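Protein sequence lines, in the order shown, are assigned to chains A and B.
Taken in order, the first sequence gives residues 4 to 336; the numbers are from our numbering.
Taken in order, the second sequence gives residues 4 to 336; the numbers are from our numbering.
If you're looking for bench data, these hints aren't it; they were derived computationally from the structure.
Incorrect hints may appear among the rest.
Note that identical chains are pooled: a pair holds if it fits in a single copy or bridges any two copies.
Here are the simulated lysine to any residue pairs, SDA-like style, with alpha carbons at most 20 angstroms apart [to be verified]:
1. K283 to Y166
2. K33 to S153
3. K247 to I43
4. K15 to T322
5. K247 to V42
6. K15 to F58
7. K247 to P278
8. K33 to T149
9. K70 to A23
Just so it is clear, the structure is predicted and the values come from calculations on it, not from any experiment.
Protein chains: 2
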Amino acid sequence: MGAEGQLKATLKEISEPVKAEFDALERHFKDYLRTDVPVIDSIFQHLLDGGGKRFRPLLVLLVATCKKNASPEDINRLAVAVEFIHTATLLHDDVVDQSDVRRGNRVAHHIWGAEPSVLAGDYLYSRAFSILVEIGNLGILQAISTATTSMARGEVLQLLRSYSTATTVEEYVEVITGKTASLIAGSCRAAGYLANFDDDVLKALEHYGLNLGLSFQIVDDLLDYTAERGVFGKTAGKDFLEGKVTLPVILLLETLGSGSRRKVADIFLKETPDPDDFEKVREMMNQEGVFDKIREIAKQYSDTASAALAISPESDSRTSLEAMAQYVVYRRT
Amino acid sequence: MGAEGQLKATLKEISEPVKAEFDALERHFKDYLRTDVPVIDSIFQHLLDGGGKRFRPLLVLLVATCKKNASPEDINRLAVAVEFIHTATLLHDDVVDQSDVRRGNRVAHHIWGAEPSVLAGDYLYSRAFSILVEIGNLGILQAISTATTSMARGEVLQLLRSYSTATTVEEYVEVITGKTASLIAGSCRAAGYLANFDDDVLKALEHYGLNLGLSFQIVDDLLDYTAERGVFGKTAGKDFLEGKVTLPVILLLETLGSGSRRKVADIFLKETPDPDDFEKVREMMNQEGVFDKIREIAKQYSDTASAALAISPESDSRTSLEAMAQYVVYRRT
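Let's have the full structure, built from the sequences with the hints guiding it.
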């Protein structure tokens, strides 16, 4: 891939250097989850079939293959563990939504309500740590447990700041550092241990992951306002309806005069916002150039991520990691 | 403590050999939770002030002091970590109840609904693993991560078997092994690593914890039917109302003829059971001698637990562990 190729690379092209390992992951997910209870297996099968980009495991594979001495089994373990942790977080994030929707009779609430999501998340999370312990590397355990603590902290912060239209860009970055970038940073650092990199490269890989993760989440939050219906994985407007104060809202409020700012804040704080409110806000963001500004901010984080890789040896995997940094900025889904 | 003293020992007497360390734990809980976000600290302070018996940390202290060579700091770390994991489980267990109670306006649901319990639990759980990683002993990490996986499995099984009046004693024991006994077994084994015990003693300590944990949970489930209002930590009848098929229900159904059995099962499956239903079932259990039978079963598990300790060296701590096995059978709260 040349510089131009990197900008336009698809996830498929990016995963090329680790194609066989990446394709085999779906099987490993299943193997590492298998229990002695068929009904638990079928619950998890359903979760795993839901798919996802497998973004974190792909990073693990690419980082760990930047040098050629990592144990393939340990790479799989780490790739599986970080995806399980990510899936657990998604399940726990869904809890409030689910408990809103699934009201009704008492028994059904037990079977399909909030609790199964919480417990399935706990199970995935516990399995992830068991698998990490099997690798037997304390550096990896430290990288991932630090990341998960930071994630939980970020999620709590995000919740505390729901509906707070006074949230600053700095506070926003603090939240997404925790809830998204920390696990990506920890995954890259942990994979670096598998490749047996020196401490300075480990730090660089963590720095890469941190900035890549910030860029990734900033674009995710952007897509929540710009995505066409049906293209983006989640419904556009979800953050808005849940009162999450993300970068598009913060930058819009910053650019507006105090009168308009008050009006937007009021819409945002309405008890029952409707799709028209969302469209109105989205149109204002577009007019104020908020979307372009955000893409530019994401690009800066991605460039910082790429630059951090210079210290690691050249390889196809490293080229893919650089391409990944650009991919997250320009992706549409 | 003589044999008679052991039977009647209070938790205070049992904790005597590790009194100073046990008293200092409340401070350690606080120190290990402290974050840079005051509002998170105050949430956790509230949780910790809720108290609890600190049963698992006390076991850690007693096992780890059966020999005199464990690092005091590592003992504290393990004691704190297992209590954090236990607290996280309680928080996640509460989720369904909370989401029932806390309905209402959209913002309040975000702040006081299911989500904070889930996230606070995740935070405690993550911190626990970080603290365990600080100890730097892979045996301990394996013991605890195996336990937490088993816990999550037990919780899922319990949920799947809600309202299933066909649940057998064996299936019940499988559930409580996971949800309660596994963490107690893992805590004892992990503390054994700190004391630098040989593998055969580690196994014996795990066996002690497993049987102690079963006895503990069996009595917990008994107290849910027998406790006087205000004495037991939780309201009597909670399991019944939640459709949890525990040992009192299973043994009652076993002893009844098919006609009465059908009637009890129908009460248990009612959409909205009332306190009278609970009193009716409780009275039948009393008449059929179910409560005495259960106390006897718990006693057998506790005796098995005590016997497992014979392999470890005599010490005040070991005597307390034996007394603990009896305490869990005869406790009223």
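Hint-by-hint comparison with the structure:
1. K283 to Y166: For K283 and Y166, only the intra-copy Cα distance (18 angstroms) is at most 20 angstroms; the inter-copy one is 49 angstroms.
2. K33 to S153: between (27 angstroms within a copy, 18 angstroms between copies)
3. K247 to I43: between (33 angstroms within a copy, 19 angstroms between copies)
4. K15 to T322: within (14 angstroms within a copy, 63 angstroms between copies)
5. K247 to V42: between (35 angstroms within a copy, 19 angstroms between copies)
6. K15 to F58: Within one copy, since 11 angstroms is at most 20 angstroms while 52 angstroms is not.
7. K247 to P278: For K247 and P278, the Cα distance is within 20 angstroms only inside one copy (16 angstroms; across copies 42 angstroms).
8. K33 to T149: between (26 angstroms within a copy, 19 angstroms between copies)
9. K70 to A23: within (17 angstroms within a copy, 51 angstroms between copies)
Violation of the numbered hints given earlier is absent; every hint is satisfied by the structure.
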